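Colleague: Dock chain B against chain A, hints included.
Number of protein chains: 2
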Amino acid sequence: MSELTLSIDAMGGDAAPDVVLDGIQQFSEEGKDTRFLLHGRQAELEEGITARGLSAICEVCDQPEVVAMNAKPSSALRKAKGTSMWSMIEAVKDGRAAAGVSAGNTGALMAMSMLALRKMEGVHRPAMTAVWPTLEGRCVVLDVGANLDADAEQLIEFAVMGESYARAVFGKERPTVGLLNIGAEEEKGPDAIRLAGEILRNRDLGIDFRGYVEGNDISMGAVDVVVTDGFTGNVALKTAEGTARLVSTYVRQALTASPLSKMGALLAGPGLKDLRKKMNPSSVNGGVLLGLNGVVVKSHGGADADGYATAIRLAANLAHSNYMQEVATGLVRVSKQGIGSESVDG
Amino acid sequence: MSELTLSIDAMGGDAAPDVVLDGIQQFSEEGKDTRFLLHGRQAELEEGITARGLSAICEVCDQPEVVAMNAKPSSALRKAKGTSMWSMIEAVKDGRAAAGVSAGNTGALMAMSMLALRKMEGVHRPAMTAVWPTLEGRCVVLDVGANLDADAEQLIEFAVMGESYARAVFGKERPTVGLLNIGAEEEKGPDAIRLAGEILRNRDLGIDFRGYVEGNDISMGAVDVVVTDGFTGNVALKTAEGTARLVSTYVRQALTASPLSKMGALLAGPGLKDLRKKMNPSSVNGGVLLGLNGVVVKSHGGADADGYATAIRLAANLAHSNYMQEVATGLVRVSKQGIGSESVDG
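Protein sequence lines correspond, in order, to chains A and B.
Under our numbering, the first residue of the first sequence is numbered 1, with each subsequent residue one higher.
Under our numbering, the first residue of the second sequence is numbered 1, with each subsequent residue one higher.
Okay, chain A solo, but in the shape it has when bound (with noise of 0.2 Å):
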């Protein structure tokens, strides 16, 4: 691989500047030939640069302000001038990095790639991605809360986005593709999904399209990219996170029972270590809005420094691959075949 520039807010997350150059440092170890304009208060992050030995590939972009984690999109937007976050994406525009990663504010941060980095043409809404554990390994869903809800055309758009990225990211030559609803019979669900799926079915979009899933299949690993609308994809992401936390936590008690359980869970360790592993999510840390002009990353705020690094992987894989390209074909190809003017009856 070529030499890489990636653009990092260093002021966005909860525990930022360190966790931030902590994941740096953990990227860079992993002998990636890729450097970093960082953009932040540049007295508080020259020490940790130089603290950590990351002198030679960091470069300090110094902006004062910092987008507060609570400040609303609108507001956040109109003093966007100054902020870490605003010169992060500037970067990501102008050329001087192949992506950008920030653990700021999510709504903030939407906004300004929006108005930054605008929508690529032939896309409608862009849509957030996250990255989901399963049986399989990982699937990506799609949207997870950039919109409220989305109609057929809509959900073809992030199919096409979304398999131009399971294939970036998870190095899949031919992704497969669902469309998240209630059943798996053909005439189940709202109108929108029944014709999103009439068409993905039906006509030739390059698409491994493997009909409906329900949101059990996710997990399962049923396909590699699920298709839903933002309000749905969010509920949905949110209660799988609620739900490993309250089996974790039975599991917790479980092996805390009894002075017997600590000794089984002390001698099961190394099988428990690696549970610990899989249910970690920094392993699977690191957003990204598809469908504008240039690639930004959000990571979790309260990710560590291995999920800082995993989100700085996704925002290399991804500055790397032809995502940008393949997607741009794909929507050219859903115009052709004149996808937004039918009705599910029509």
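Derived by calculation from the structure, the hints in this document are not laboratory data.
In this text, all values refer to a predicted model and were calculated from it rather than measured experimentally.
Some hints here could point you the wrong way.
What the hints assert, rightly or not - When the alpha-carbon atoms are kept at most 30 Å apart in a straight line, the in silico BS3-like pairs for lysine-lysine are as follows:
no.	chain 1	residue 1	chain 2	residue 2
1	A	Lys278	A	Lys172
2	A	Lys278	B	Lys262
3	A	Lys32	A	Lys72
4	B	Lys278	A	Lys262
5	B	Lys277	B	Lys262
6	A	Lys262	B	Lys262
7	A	Lys273	B	Lys119
8	A	Lys32	A	Lys79
9	B	Lys273	A	Lys277
10	A	Lys273	B	Lys273
11	A	Lys278	B	Lys277
12	B	Lys278	A	Lys273
13	B	Lys119	A	Lys79
14	A	Lys188	B	Lys72
15	A	Lys278	B	Lys278
16	B	Lys277	A	Lys262
17	B	Lys188	A	Lys119
18	B	Lys278	B	Lys172
19	B	Lys119	A	Lys188
20	B	Lys32	A	Lys188
21	A	Lys188	B	Lys81
22	B	Lys32	A	Lys277
23	A	Lys273	B	Lys262
24	A	Lys81	B	Lys81
25	B	Lys262	A	Lys277
26	B	Lys278	B	Lys262
27	A	Lys72	B	Lys188
28	B	Lys277	A	Lys277
29	B	Lys188	B	Lys32
30	A	Lys277	A	Lys172
31	B	Lys262	A	Lys188
32	B	Lys79	B	Lys93
33	A	Lys273	A	Lys32
34	A	Lys278	B	Lys81
35	A	Lys262	B	Lys273
To be verified - A few chain B residues that face chain A, going by a derived Cβ cut-off under 10 Å, partial list only:
no.	residue
36	Leu135
37	Gly189
38	Ser219
39	Thr232
40	Thr256
Ideal Cβ positions, reconstructed from N, Cα and C, are used throughout, including at glycine.
Modeller: Quick look at chain B alone, frame taken from chain A:
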């Protein structure tokens, strides 16, 4: 408690009638003074009843037909007469039984119940419930699939019905209610949810409304009643099932990874047994289509005897409660507030 008669679709479910009879036996061993009206093939049933010593509390209503598990609701409706399911519902309608249970085809059961029992006055759309295990115990989520969507008025009706249901089933004096959304702030989410939220916050409906809850709040037990539309609720429920299954698989793998792990699991035995009990879907089996003139409980088709007994217990609790009266009173309160002709901005 006075003597109760429950109506049972003895032929519905993957392992009917054996599991049904085992469930009845298990429930009756709890010492409840309950009689059962069993609908199904007399010849098949009598033997099992006698073998389990249930003759004194079971009466059979001979019905030759069984609704196929994969029959479409419309087709099942046309051929309802003579089926064990239809006969079970008719006994509830006629007042020969205080409530009914079936582990048969869900779509057919909903369609037949709607047709035979009809909607309560003031209810626009019935809603299907699911009991959900939480860190705090249990909560009820509705609608989980009776409808595809819900407007503000319907969401409020779901809140009224769910609140009474939680009181009847969980025995809580004043259950708390939340609206499922994708953020906690009042201005978040689709129009229908924002309008419903505004009304539940500001009008005196006698409901302890706690505002919006997000997907992760369900399993955390943030509220006793989670109100949502049928599409979202169904996706959330199945997503949680899939996630729980994924995590359970991880745990099993961790505890059988090596001979030491296995020994550890052996030592932790009692705690793990507790875990299996908590993760056992039998403990939360049973959904109810709320808003009809009569109570019919849907057991999972694959429920075991434990699970079937749980569904019977649910039917008995509802039959003993003031649930129907309370819902009627609640809906009058809603209609007095003139809800149903408003917009978010109006």
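Colleague: Taking only the CA atoms, is the gap from Lys72 of chain A to Lys188 of chain B under or equal to 30 Å?
Modeller: Cα-Cα ~12 Å, so holds.
Colleague: For the pair we were handed, Lys277 of chain A and Lys172 of chain A, check the Cα-Cα distance against 30 Å.
Modeller: holds (23 Å)
Colleague: When you check the alpha-carbon spacing of Lys273 of chain A and Lys32 of chain A, does it fall within 30 Å?
Modeller: holds (27 Å)
Colleague: Take a quick look at whether Lys278 of chain A and Lys172 of chain A sit within 30 Å of each other, Cα to Cα.
Modeller: OK: Lys278 of chain A and Lys172 of chain A at ~21 Å, within 30 Å.
Colleague: Keeping to a limit of 30 Å between CA atoms, is the pair of Lys273 of chain A and Lys262 of chain B held or broken?
Modeller: holds (14 Å)
Colleague: Verify the proposed pairing of Lys277 of chain B with Lys262 of chain B, using a straight-line Cα cut of 30 Å.
Modeller: holds (20 Å)
Colleague: With a cut-off of 10 Å on the beta carbons, see whether Thr256 of chain B makes it to chain A.
Modeller: It holds, given that the least Cβ distance between Thr256 of chain B and chain A is near 8 Å, below 10 Å.
Colleague: Can Leu135 of chain B be said to touch chain A, with a Cβ gap under 10 Å?
Modeller: holds (6 Å)
Colleague: Is Lys278 of chain A within 30 Å of Lys262 of chain B, Cα to Cα?
Modeller: holds (19 Å)
Colleague: Holds or violated: Lys81 of chain A with Lys81 of chain B, Cα cutoff 30 Å?
Modeller: violated (72 Å)
Colleague: Take the C-alpha atoms of Lys188 of chain A and Lys72 of chain B, compute the straight-line distance between them, and say whether it is at most 30 Å.
Modeller: Holds. Lys188 of chain A to Lys72 of chain B sits at ~11 Å (cutoff 30 Å).
Colleague: Taking only the CA atoms, is the gap from Lys119 of chain B to Lys188 of chain A under or equal to 30 Å?
Modeller: Holds, at roughly 23 Å.
This entry does not satisfy hints 3, 7, 8, 13, 20, 22, 24, 29, 31, 34, going by the numbered hints stated previously.
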